[in-house]
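S.K.: These are the residues of each chain, in order.
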Amino acid sequence: MMNLLKFEIKKIWRQKKIFWLLLILILFMSFQYYQNTLHQDSFIDRLYESTEPLKANVTEIERELDEKRVNNQLNELEKQQSVYIKDMKAALQHWRSAIYSEELHNLPQLEHEFLKSLQNYLNKDGEFEALTGLNLEYVILKNTWMIDHNLSIEDEDYPISPHLFMLETGDLLFGVLGIILLLLIFGNILSIEREQQTWFTLKTQPIKKSSIILSKYFTLISMLFLYVVVVVFIGMLLPIILNDHHLLLNYPQIIFSENKIRIISSLTYFLFKSLLFFGAGIISFSLLLLISMVFKKSFSSLIATFFVLLIGHYLTTITDFSAPMNLFHHYQLGDIIIENRDIWYYPLFAVLWAILIVLITLYIPERQADLLNAQYQKSVFNSGDTNSKRGALINTVIFELRKLFRKGYFLQVISILFLLIVIGYFFLNQEADKIETEYFKQLNDEAVAIQEEMIPMYEKKLFEYEDRYEKTNDKSEREYIKKYIDGTTQVINLYKERVEKIEKGVKEYELGNWEAFHELQLFTIKLVNGDFDESLHYIEHNFDHQFQYEVSVEEKEWSIKNNIQPIFPGEFRPTVHDDWGDNPQGEINRDAWEERNHKVNSSGLYTLYHFYEYYLYLIPLGLFLFLLGGGYAAERGKKNTIHFLQTQPISKTTIFLGKILSSSLIFIVSYIGLMVLLLFLGTITDRFGDWNFPILHYDSLSSTSSVGYTGTITDYENYGFHFTPLGNYLLKCIGLLFMLTILVITLSGFISTFIKNTFAVMVFTVLVLVSGHFISIEYLSKWAFLSPFIYLDLFKVSNGTMATLLDQSLINTTMGIVTLFVSSCLLVYFSCIILKRD
Amino acid sequence: MILDVQNVHKSYGKEKILKNLSFAIEEPKMVALVGPNGSGKTTLLNIITDLVNADSGVIKIMNLSNKKPEIFKETSYMQDNSVLYDYLTGYDHLQFIGDIQGLSKQQIFLAAERIGMEGYLFKKVSKYSLGMKQHLLLTMAILNDPKLLILDEPLNGLDPSSAIRIRNILWELYNEGKTILLSSHNLSEVDRLTSHILFLKEGHLIAEDLSLNQRTLYEITVNDPRAAEKYLENHNVGVKHMGNNQIAVFMHGDTLQNVLQSLLDNKIKVLDLNKKVTGSEDRYQMVFEQKDV
Numbered sequence: 001m002m003n004l005l006k007f008e009i010k011k012i013w014r015q016k017k018i019f020w021l022l023l024i025l026i027l028f029m030s031f032q033y034y035q036n037t038l039h040q041d042s043f044i045d046r047l048y049e050s051t052e053p054l055k056a057n058v059t060e061i062e063r064e065l066d067e068k069r070v071n072n073q074l075n076e077l078e079k080q081q082s083v084y085i086k087d088m089k090a091a092l093q094h095w096r097s098a099i100y101s102e103e104l105h106n107l108p109q110l111e112h113e114f115l116k117s118l119q120n121y122l123n124k125d126g127e128f129e130a131l132t133g134l135n136l137e138y139v140i141l142k143n144t145w146m147i148d149h150n151l152s153i154e155d156e157d158y159p160i161s162p163h164l165f166m167l168e169t170g171d172l173l174f175g176v177l178g179i180i181l182l183l184l185i186f187g188n189i190l191s192i193e194r195e196q197q198t199w200f201t202l203k204t205q206p207i208k209k210s211s212i213i214l215s216k217y218f219t220l221i222s223m224l225f226l227y228v229v230v231v232v233f234i235g236m237l238l239p240i241i242l243n244d245h246h247l248l249l250n251y252p253q254i255i256f257s258e259n260k261i262r263i264i265s266s267l268t269y270f271l272f273k274s275l276l277f278f279g280a281g282i283i284s285f286s287l288l289l290l291i292s293m294v295f296k297k298s299f300s301s302l303i304a305t306f307f308v309l310l311i312g313h314y315l316t317t318i319t320d321f322s323a324p325m326n327l328f329h330h331y332q333l334g335d336i337i338i339e340n341r342d343i344w345y346y347p348l349f350a351v352l353w354a355i356l357i358v359l360i361t362l363y364i365p366e367r368q369a370d371l372l373n374a375q376y377q378k379s380v381f382n383s384g385d386t387n388s389k390r391g392a393l394i395n396t397v398i399f400e401l402r403k404l405f406r407k408g409y410f411l412q413v414i415s416i417l418f419l420l421i422v423i424g425y426f427f428l429n430q431e432a433d434k435i436e437t438e439y440f441k442q443l444n445d446e447a448v449a450i451q452e453e454m455i456p457m458y459e460k461k462l463f464e465y466e467d468r469y470e471k472t473n474d475k476s477e478r479e480y481i482k483k484y485i486d487g488t489t490q491v492i493n494l495y496k497e498r499v500e501k502i503e504k505g506v507k508e509y510e511l512g513n514w515e516a517f518h519e520l521q522l523f524t525i526k527l528v529n530g531d532f533d534e535s536l537h538y539i540e541h542n543f544d545h546q547f548q549y550e551v552s553v554e555e556k557e558w559s560i561k562n563n564i565q566p567i568f569p570g571e572f573r574p575t576v577h578d579d580w581g582d583n584p585q586g587e588i589n590r591d592a593w594e595e596r597n598h599k600v601n602s603s604g605l606y607t608l609y610h611f612y613e614y615y616l617y618l619i620p621l622g623l624f625l626f627l628l629g630g631g632y633a634a635e636r637g638k639k640n641t642i643h644f645l646q647t648q649p650i651s652k653t654t655i656f657l658g659k660i661l662s663s664s665l666i667f668i669v670s671y672i673g674l675m676v677l678l679l680f681l682g683t684i685t686d687r688f689g690d691w692n693f694p695i696l697h698y699d700s701l702s703s704t705s706s707v708g709y710t711g712t713i714t715d716y717e718n719y720g721f722h723f724t725p726l727g728n729y730l731l732k733c734i735g736l737l738f739m740l741t742i743l744v745i746t747l748s749g750f751i752s753t754f755i756k757n758t759f760a761v762m763v764f765t766v767l768v769l770v771s772g773h774f775i776s777i778e779y780l781s782k783w784a785f786l787s788p789f790i791y792l793d794l795f796k797v798s799n800g801t802m803a804t805l806l807d808q809s810l811i812n813t814t815m816g817i818v819t820l821f822v823s824s825c826l827l828v829y830f831s832c833i834i835l836k837r838d
Numbered sequence: 001m002i003l004d005v006q007n008v009h010k011s012y013g014k015e016k017i018l019k020n021l022s023f024a025i026e027e028p029k030m031v032a033l034v035g036p037n038g039s040g041k042t043t044l045l046n047i048i049t050d051l052v053n054a055d056s057g058v059i060k061i062m063n064l065s066n067k068k069p070e071i072f073k074e075t076s077y078m079q080d081n082s083v084l085y086d087y088l089t090g091y092d093h094l095q096f097i098g099d100i101q102g103l104s105k106q107q108i109f110l111a112a113e114r115i116g117m118e119g120y121l122f123k124k125v126s127k128y129s130l131g132m133k134q135h136l137l138l139t140m141a142i143l144n145d146p147k148l149l150i151l152d153e154p155l156n157g158l159d160p161s162s163a164i165r166i167r168n169i170l171w172e173l174y175n176e177g178k179t180i181l182l183s184s185h186n187l188s189e190v191d192r193l194t195s196h197i198l199f200l201k202e203g204h205l206i207a208e209d210l211s212l213n214q215r216t217l218y219e220i221t222v223n224d225p226r227a228a229e230k231y232l233e234n235h236n237v238g239v240k241h242m243g244n245n246q247i248a249v250f251m252h253g254d255t256l257q258n259v260l261q262s263l264l265d266n267k268i269k270v271l272d273l274n275k276k277v278t279g280s281e282d283r284y285q286m287v288f289e290q291k292d293v
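So the sequence lines, in the order shown, correspond to chains A and B. So the first sequence is numbered by full-length UniProt numbering: it starts at 1 and just counts up by one. So the second sequence is numbered by full-length UniProt numbering: it starts at 1 and just counts up by one.
Calculated directly from the structure, the hints in this document are not laboratory data. Predicted, not measured: the structure shown is a model, and the values here were computed from it. Glycine included, each C-beta is placed from N, C-alpha and C at the ideal position. Be a bit skeptical, because a hint or two may be false.
Quick partial rundown of chain B residues pointing at chain A, CB under 7 angstroms, derived from the structure [said to hold, decoys possible]:
1) T49
2) K73
3) Q95
4) F122
Please build the complete structure, drawing on both the sequences and the hints.
M.R.: If you want it as structure tokens, here you go:
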């Protein structure tokens, strides 16, 4: 057994897989660390800025109290508040000065002084909006921990200390991404033996089949262990070597859940994460081996493994079966730590699951018939006829397509995508129906509550006011009561109007008339924004997102004008300009609001919109890259099939172009097929959808300030927007997607001209795309529109988010299509030059 | 000029594989490239077909630069089986060549029939045996009826009957006026195919026409080898005592009849006689192992 294990590890070593793993990890982590170091100059500024809301709040309260003091209106409590607010101001001043002079070690103590004064102020019934609820709890907990452990403040957004950097990289690499990477690199350990028939070499040795499988499994576990060690080692070593930082494993980690907050040390957090990742890893490898015994080809085994994991993950999410007994819940590492639910059971159950699956693998009968089948005759293409009139390029493209067909992988990938789409659509349809039903139920409940509770309550109040009004002779009191009578009457009228609009809206909706329904939603938007009367407090008027308000109103007006069928839920349209505060509570509020107002619909066109909105287009892109991305490299490895092509009367350029064209054709035709399927499913089960449904397009400041701007300029910092019909928006996305796929193909083709390893070509392609996208956003500023990588996020490009965030009006669909096309042509040109010199 | 290789250099790192190597094939013939493993035979063939770039040197095929893909309209290169797509059928390979070279379906079937691979033409290459793959490679090579056929170890992995069949086909092709440049380890097969040999030794080529240097020797068993050696000294032959009453007689100018007559005249009994012709294997030993044959 030990000898077999050594043999397996030796094979992996010889295949340079460990080298590739190390290279990827070193490149990724070095890049991440480099990024973090670039932000260090702004650390003090960011820290200083984070105290600005506190300062503003303190100043405001102080001003209010001073005003009252001048007017002799201060009560006893307010007098005491006045004292503590001055303490807070002084403590804040010391704190901010220490930040300014970079006395990082003193900051926790100075922050503590401020929090102490704040606590005193709050004890005197003071209100401090800048720190409330979970935020306050978080700040106090963290500060106490920092003081207890004698720690300095560090940059947690862009960490460069070993403990925080290790956690940052661990969050990414000890997650689903890490599992995918390991499966991609080591996933063919068993299937490659069956594929290349070396399985028989092993089986004709005096070794049990179980020993072979177990040795492979333990090899995979060794690689998993190596991966964990390498991530930890590099994560710690990089900051220690490059920045001479100390490892402080007791630095606090704050864990937020919806309504609670916990604090643990970095070491505990990291141990949890590593342990859970290890558990997920051993389950993944056992599943992989089981599936490899069923499928003969490595590609099929990997795709099937990913498919099983994806389906499992999806079912876990929708059924909310969050327990260690569910093997797919082991992949939701972040959630397990946040929920802190039986955390120690997870590694235990992971081991049990792994043992069970490996046992099944050991006893499952092999599909030997396929391995030994040498009789099977294949049908010929085009009745076996040849056609040289098509020209060398077309013939090369046809040959590439035939190769793909013969491999059989294409059909597998398409089948899996087909299944995913059908299953995904089924759930989307269910979700859309559920949301619509809930929406109407809420409306109905609201109408009933207004009629049965609110109106009678206010009518009773009105009656009392009127009675008091009649009974009193005091003029000033009569005026005072009159105000209440008017206000209450207005509230009752608003309630009545609301009920009327609900009833009319619902009734008209059922009849297929949408206008009344949009009017109802428009009424709600204005009501929530306090347009009718801020003093009514009918609904708490804490809505403070001007841009969102204007967008939502115009969206409804557009829908009325174009007779658009409503899509549920929510009247509002959350936007990128909504300011929820840069704090944990703000994030929670933002998420809740966005979820409450996120429109879900299963009509054909809107399903296509979801395809782009949820970045689902990246799944086929990844799969096709995996299938076709090898380019030249796929023919230059152990199988030197490129020599077959090169000894025909066709140039290297023709061969290269043939590959690019055939791959692009496959990509585009497949995408068209998938999108038609989505459209078809949506249309037959729901409806085609409204071509003119309004899709928000953000306009950058530079475009709103230009002459001839036709969109709407809002009161929110002069940002503008306009609406695009859904159909037009989808056409833009499709155009960009097609050009993007061509770029991906040409890029991988270009990389394959100088890298011979197929896997390395794919990894480098992904690295170049992702890092190119990131660099374009971070560093190219005004030249970003010329970078093809910026258009990778085609959803944000097509709706103007990217242009707005970077204030680059030139980042748009047309420019994207041109840039991607030119970049692809350049890549093809340089590839041809390299090939000619080769 | 069919093939003209001039001043070719090739190194891999510090190791020089081919050193200022030149040779030419001016008229149709069959030439064998012979050398030990790792001597650079395949590298040379790959350089000739431009699959590998030479560090320097000029190569022309049919008076065209070997850099031009058009050379493959009249040239074929049979490589090792790593160039085959395992997941394609034999026919898929041939159909592609047909598409590119303008050949008909009938031509494909004729070529396959000539090599004898009709039975498994439509199976995936992954199901082929080593010999079947060699058959496919050879079918691919002869499909376009090339004037120059370059073959890298064409008889590798073939069973005796296949080897005889392929050898006959190569002879047929040669008789049809094709030029064949083949590399081989199997020297007895080389002897059966051609007398034109290119020995590749330490990066240099030694061209030999064995038919010009062929020497015949007779191994004669006599009752008194010492005496026989003495009596034959006056003849235009070389004599060497081989032990066990056997002498080796190299015929420089004299005839066998004269030699036998002389032995009989001197009362020496001839007990046995074997004729041998020195071939590529003997020359190989001379060139590479410094043995005097």
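S.K.: Is the shortest C-beta separation between T49(B) and chain A less than 7 angstroms?
M.R.: Check passed: Cβ of T49(B) comes within 6 angstroms of chain A, closer than 7 angstroms.
S.K.: When the nearest CB of chain A is found for F122(B), is that gap smaller than 7 angstroms?
M.R.: The hint holds - F122(B) has a Cβ within 7 angstroms of chain A, the shortest such distance being about 5 angstroms.
S.K.: Go through the hint on K73(B) and say holds or violated, using the shortest Cβ distance to chain A against 7 angstroms.
M.R.: Holds, because the Cβ-Cβ distance from K73(B) to chain A comes to roughly 5 angstroms (cut-off 7 angstroms).
S.K.: Return the status of the interface hint for Q95(B): holds when the least beta-carbon distance to chain A is below 7 angstroms, violated otherwise.
M.R.: holds, 6 angstroms
No hint from the list above goes unmet by this structure.
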